[in-house]
Amino acid sequence: SQQGEEDPQALSIQEGENATMNCSYKTSINNLQWYRQNSGRGLVHLILIRSNEREKHSGRLRVTLDTSKKSSSLLITASRAADTASYFCATDQAGGFKTIFGAGTRLFVKA
Amino acid sequence: GAVVSQHPSRVICKSGTSVKIECRSLDFQATTMFWYRQFPKQSLMLMATSNEGSKATYEQGVEKDKFLINHASLTLSTLTVTSAHPEDSSFYICSARRQTGNTIYFGEGSWLTVV
Chain P
1 SQQGEEDPQA
11 LSIQEGENAT
21 MNCSYKTSIN
31 NLQWYRQNSG
41 RGLVHLILIR
51 SNEREKHSGR
61 LRVTLDTSKK
71 SSSLLITASR
81 AADTASYFCA
91 TDQAGGFKTI
101 FGAGTRLFVK
111 A
Chain X
1 GAVVSQHPSR
11 VICKSGTSVK
21 IECRSLDFQA
31 TTMFWYRQFP
41 KQSLMLMATS
51 NEGSKATYEQ
61 GVEKDKFLIN
71 HASLTLSTLT
81 VTSAHPEDSS
91 FYICSARRQT
101 GNTIYFGEGS
111 WLTVV
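Residue numbers (my numbering), protein chains in the order written: chain P, 1 to 111; chain X, 1 to 115.
Please note that a few of the clues may not be correct.
Unchecked claim - Here are the simulated lysine to aspartate or glutamate pairs, EDC-like style, with alpha carbons at most 20 Å apart:
1. K41/X x D7/P
2. K56/P x D66/P
3. K98/P x E108/X
4. K41/X x E5/P
These aren't lab readings, by the way, just hints derived from the structure by calculation. What you are looking at is a predicted structure, and each value in this text was computed from that prediction instead of being measured.
Chain P with its partners taken away, still in its complex shape:
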């Protein structure tokens, strides 16, 4: 399969709670990115973490990367109803030029 795995596939939480999404991939990478997609819309780039980085923050977002386990996590703190969307991880594969997407997590934040 082209895709890596993401879990959970769907997540429903209350506003104010934290949301954690996980992503695993198959090959060595140059970097990993997280995107958000609102229903029926294009992609919004959230954050990029390079293969030599272990953690990165951007506002309410915290991303970790464990290259030994080929996995990453995205934490959204103090979630808001507007965070409701699908979240995808995407990897730029080492030695290549392709960006491959994970299966995605659908997040629903209840007001």
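Based on these hints, arrange chain X on the given structure of chain P.
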């Protein structure tokens, strides 16, 4: 503002006809562009990698004669869905890799409905 523009954003075509989707990098040169397809509630599947001035590289299972890709300039790649069928209805998204710096930018996507 958008740095990669896709056109049209929505298109409806009749079964058996062909439809062309354009992907333009607006203020940078892109030697490589990528085309993805996304079915409802699914992830983005890479269809092909488009390199300026050469033939596209298609992913396994993607019919190159059905999905024609042309990358004639450093700012434009086109995807033509030939002899479209209802099962080709999908969301198609392109991305462009900036020649300098290697950053990738995504277009807004194009909804194709084949009736």
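Going down the list of hints, with the structure as the test:
{"no.": "1", "hint": "K41/X x D7/P", "in the structure": "holds (15 Å)"}
{"no.": "2", "hint": "K56/P x D66/P", "in the structure": "holds (12 Å)"}
{"no.": "3", "hint": "K98/P x E108/X", "in the structure": "holds (19 Å)"}
{"no.": "4", "hint": "K41/X x E5/P", "in the structure": "holds (15 Å)"}
In this structure, none of the earlier numbered hints is contradicted; all agree with it.
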